[in-house]
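2 protein chains.
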Amino acid sequence: MKLRQLGEDRLLARLLPRLPSNRTIIAGAGDDCAVVRAPGENKLILLKTDCIVENVHFRSRDNPAAVGWKAMMRPLSDFAAMSGLPQFALITLIAPRHTPVAKIDNLYRGLRRAAARFDVSIVGGETSDTRGPLAISVSVVGFVEKDRWISRRGGKPGDDLFVTGRLGGAAKGKHLRFVPRIVESRWVGQNFRVHAMIDLSDGLGVDLPRLAKASKVGFKIDINALPLAPGAKIDNAISDGEDYELLFAISPRDRKRLETTWRKKFPKVPLTRVGRLFPQSAIRNPKLASGFVHFK
Amino acid sequence: MKLRQLGEDRLLARLLPRLPSNRTIIAGAGDDCAVVRAPGENKLILLKTDCIVENVHFRSRDNPAAVGWKAMMRPLSDFAAMSGLPQFALITLIAPRHTPVAKIDNLYRGLRRAAARFDVSIVGGETSDTRGPLAISVSVVGFVEKDRWISRRGGKPGDDLFVTGRLGGAAKGKHLRFVPRIVESRWVGQNFRVHAMIDLSDGLGVDLPRLAKASKVGFKIDINALPLAPGAKIDNAISDGEDYELLFAISPRDRKRLETTWRKKFPKVPLTRVGRLFPQSAIRNPKLASGFVHFK
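Just so you know, the protein sequences line up as chains A and B, in that order. Sequential numbering from 1 applies to the first sequence in the working numbering. Sequential numbering from 297 applies to the second sequence in the working numbering.
Be aware that a few hints might be false.
As the list claims (entries may be wrong) - Which bits of chain B does chain A cover? Going by a derived footprint, with three or more residues having C-beta under 8 angstroms, they are: (1) 324-334; (2) 343-357.
Claimed, not checked - Per label pair, the in silico range of CB-to-CB distance: (3) A:D62 <-> B:P392: 28 to 38 angstroms; (4) A:E41 <-> B:R449: 25 to 35 angstroms; (5) A:G231 <-> B:D415: 45 to 55 angstroms; (6) A:S251 <-> B:V502: 33 to 43 angstroms.
Hints were generated in silico from the structure; no laboratory data involved. This structure is a prediction, so every number in the text was calculated from the model and none was measured. A virtual CB, placed ideally from N, CA and C, is assigned to each residue, including glycine.
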């Protein structure tokens, strides 16, 4: 059966009852807006939206459940980057009317599984016809304790730079099945004073200069220290993107305790010191565009 | 100049500095998530997302500023439906790389103007390439006092049904320049016990049965009482959709005070009693699908 035979009301009747809910949600999908309880006074609200488009972020033949998974996990990775907890998601699905309903069901299966993995409730959304490629936009709202949110801006000269996991080679399939580092990010934010953090969505070669620019510092990287994914080379680790690992800056005074406790807490997730932040004036060419030359 | 010549970083550098901000916003567009202050304990959070797609919700030749206006005002109309205050917006723009940059600038001009009209801050977003038509998805977060949110579900048998403004003929251009009834909705919610409310986005013939079904009641309409837009006929008022007026249910005990005070408060906005809610058993055919026969 195709979407056009089903119609919007019957599509919603299929999708809505399967959405998980909880007592934080006063009205979920189905009313004009979703209505949810506000967090306590000591919390800040985090907002993020992201989208994936057919033939740009995934291929038409990719497994729809994996595509749905990716659509949800991409914005959740930004919550990891801020040490925040995602809580509510809104999903916009733009799909041609000849899309098989089974494909939509599978996309939503992936979206639901990814949301459930981090206790995120899908509280609303929108569907629209299109004459073009399929696109999914996911907006997520969550919270972080007032004294625990981590921006890109707080990096200090002298800070050690750490990355989680292994970099490179995402296009081989990892980009469709990655798990955002929310658990690791919450833990490190609770136990250490992390000065600045970002998730590596566009690749170390793009995201590290972004963190450095936001922090108004320079950086140096030891390219031989980069943790490489199986089969990946240094160039892949720098330029492929879609790693969805964390990059963070922390005082060298915390280095030893961080490395020791991390190994105990996350024995399967490598944590690697890849470089340091410097005063901008100490780096020969401090401009963002040329931050990249320091990789060479 | 085309989008592909500009690139994402320069596009963002163009768009971000023009976004309005205020002291509720701790980190706006540019970090991994937007960070905003939570409302007080006596408030609930409202969440809504909506999208418009080229050749579905607007034509390629429509004025881009009007298209941006519509993209923002559609989800804001859902805040009106709940008597809530929209506060933060995230914008996802999916556009082919051959789009003229001037068109994007104008789309954002419309989005910004619409947001500014209701003090909504644009705190983040996403841009993506596509091989298909242009699409804009807008997600909005806002608040409502715990004792003041109005759902679709509370309509009671005997309630009067009121609509704001005039219905029909939206396709002639109104759908690109309407102003959501947020001010009127906040006022009526503050001064009256409104049992149920919805915004007329799909037309009275679709949205009234939705309100009745959610409230588990039947309804009758006086079709000769419907307030018609200039040039519109009864069929247009029922079926055209995109009116973005409010439909609400309120006790007949409040009718006189409502009509009198409304005229003083909003002399330019008609308020019309168009029908009543009934017990489901009192309506010959209580099924939703045939709710529509009561219009005939």
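To see whether the hints hold, each was checked on the structure:
1. 324-334: holds (count 9)
2. 343-357: holds (count 10)
3. A:D62 <-> B:P392: 28 to 38 angstroms: violated, 21 angstroms
4. A:E41 <-> B:R449: 25 to 35 angstroms: holds, 30 angstroms
5. A:G231 <-> B:D415: 45 to 55 angstroms: Roughly 52 angstroms apart at Cβ, these two residues keep to the hinted range, so it holds.
6. A:S251 <-> B:V502: 33 to 43 angstroms: violated, 60 angstroms
Hints 3 and 6, counting from the list given before, are not met by this structure.
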